[in-house]
Amino acid sequence: MIKVSDEIQEALKERKPVVALESTLISHGLPSPLNIDVALKAESILRDLNVVPATAALIDGYLRVGLNPKEIELLGSSNEVTKTSFNNLGEVIANKSLGATTVASTMFAAYKSGIKVFATGGIGGVHRGSEADISADLKALSDLPVAVVCAGVKSILDIPKTLEALETLGVPIIGYKTDIFPEFWTTGRGLKLKITASEAKEAALLLKAHWEIGLNTGQLVAVPIPKEKSVDQEIVENAVNESLNEAAEAGITGNAISPFLLKKVSEASGGLTLEANVDLILNNVQVAGEVATQMAND
Numbered sequence: 001m002i003k004v005s006d007e008i009q010e011a012l013k014e015r016k017p018v019v020a021l022e023s024t025l026i027s028h029g030l031p032s033p034l035n036i037d038v039a040l041k042a043e044s045i046l047r048d049l050n051v052v053p054a055t056a057a058l059i060d061g062y063l064r065v066g067l068n069p070k071e072i073e074l075l076g077s078s079n080e081v082t083k084t085s086f087n088n089l090g091e092v093i094a095n096k097s098l099g100a101t102t103v104a105s106t107m108f109a110a111y112k113s114g115i116k117v118f119a120t121g122g123i124g125g126v127h128r129g130s131e132a133d134i135s136a137d138l139k140a141l142s143d144l145p146v147a148v149v150c151a152g153v154k155s156i157l158d159i160p161k162t163l164e165a166l167e168t169l170g171v172p173i174i175g176y177k178t179d180i181f182p183e184f185w186t187t188g189r190g191l192k193l194k195i196t197a198s199e200a201k202e203a204a205l206l207l208k209a210h211w212e213i214g215l216n217t218g219q220l221v222a223v224p225i226p227k228e229k230s231v232d233q234e235i236v237e238n239a240v241n242e243s244l245n246e247a248a249e250a251g252i253t254g255n256a257i258s259p260f261l262l263k264k265v266s267e268a269s270g271g272l273t274l275e276a277n278v279d280l281i282l283n284n285v286q287v288a289g290e291v292a293t294q295m296a297n298d
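Sequential numbering from 1 applies to the sequence shown in this note's numbering.
Keep in mind that the hints were calculated from the coordinates and are not lab data. A few of these clues could be false.
[What the hints assert, rightly or not] Okay, derived cross-link-like pairs now, PhoX-like style, lysine-lysine, Cα gap no bigger than 20 angstroms in a straight line:
(1) Lys177 - Lys139
(2) Lys139 - Lys112
(3) Lys177 - Lys161
(4) Lys13 - Lys112
(5) Lys96 - Lys70
(6) Lys194 - Lys208
(7) Lys177 - Lys194
(8) Lys177 - Lys229
(9) Lys3 - Lys112
(10) Lys3 - Lys13
(11) Lys229 - Lys41
Work out the full structure: start from the sequences and follow the hints.
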């Protein structure tokens, strides 16, 4: 039920660097046609680094790892794409539905394929005002030995509580060229990190040491959005609070909440967060490619 492209199988066999990419970003995270452009640009960035991109999705009853441009365009243009995490992965496969992978299900696809590095925008976590509403991304990070290169936790979430949960689960957080936890659209408000890496080689060494000693959790490589691209913290907080109120009034919950909030925050910020979203995603992909290259070389 898992189909890995020939190119990726060959790359893994030859110990070449491979980076996994999610597809919820394409189907639910960005508006069309920007979604397709960013997905193809992400793959292009990796290829320029001689890294093989491994975008994951559910197509025709298979969890596919490695897509062609037409399949990426299908995910970005169809209105019938199911956001797929652990709780509905089997259902989407059984029904042969078109499905986009979240952080959790992309980590699963990467793990089953033998891919150690995955790039995304930001991870899910504990939702604001509801400690019982916790993303399956945290479950995946506790169970699957994959490095997730991201700009921290999505700003719409309760970031301090998410960090507490990650610590409880034993998930290392490596600050990439920073000792402050990045907060998606912003460089962070001052939540200190204990582990840092000043370059891709150092990050690769830290990742490998954790796994080689026998620990099997995922790991976060937390990359701040470039400072000149970040959004003012006050603008973000005001936009998030306004959007949370709208979501509560509309009764939106579950896996529909994040796409709704991301869209509403973009509107409330005058499009600033959407621009930042694209910038941080492509920056994370670049870093992931460099880290994967170092891991393949060592």
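Okay, the hints, checked on the actual structure:
1. Lys177 - Lys139: At roughly 27 angstroms apart (the allowed maximum being 20 angstroms), Lys139 and Lys177 break the hint.
2. Lys139 - Lys112: Holds, because 16 angstroms separates the two Cα atoms, which is no more than 20 angstroms.
3. Lys177 - Lys161: Roughly 23 angstroms between the alpha carbons, so the hint for Lys177 and Lys161 is violated.
4. Lys13 - Lys112: holds (14 angstroms)
5. Lys96 - Lys70: Holds, because 18 angstroms separates the two Cα atoms, which is no more than 20 angstroms.
6. Lys194 - Lys208: At roughly 18 angstroms apart (the allowed maximum being 20 angstroms), Lys208 and Lys194 satisfy the hint.
7. Lys177 - Lys194: holds (12 angstroms)
8. Lys177 - Lys229: Holds: Lys177 and Lys229 sit about 16 angstroms apart, inside 20 angstroms.
9. Lys3 - Lys112: holds (10 angstroms)
10. Lys3 - Lys13: With a Cα-Cα distance of about 15 angstroms, the restraint between Lys3 and Lys13 holds, given a limit of 20 angstroms.
11. Lys229 - Lys41: OK: Lys229 and Lys41 at ~18 angstroms, within 20 angstroms.
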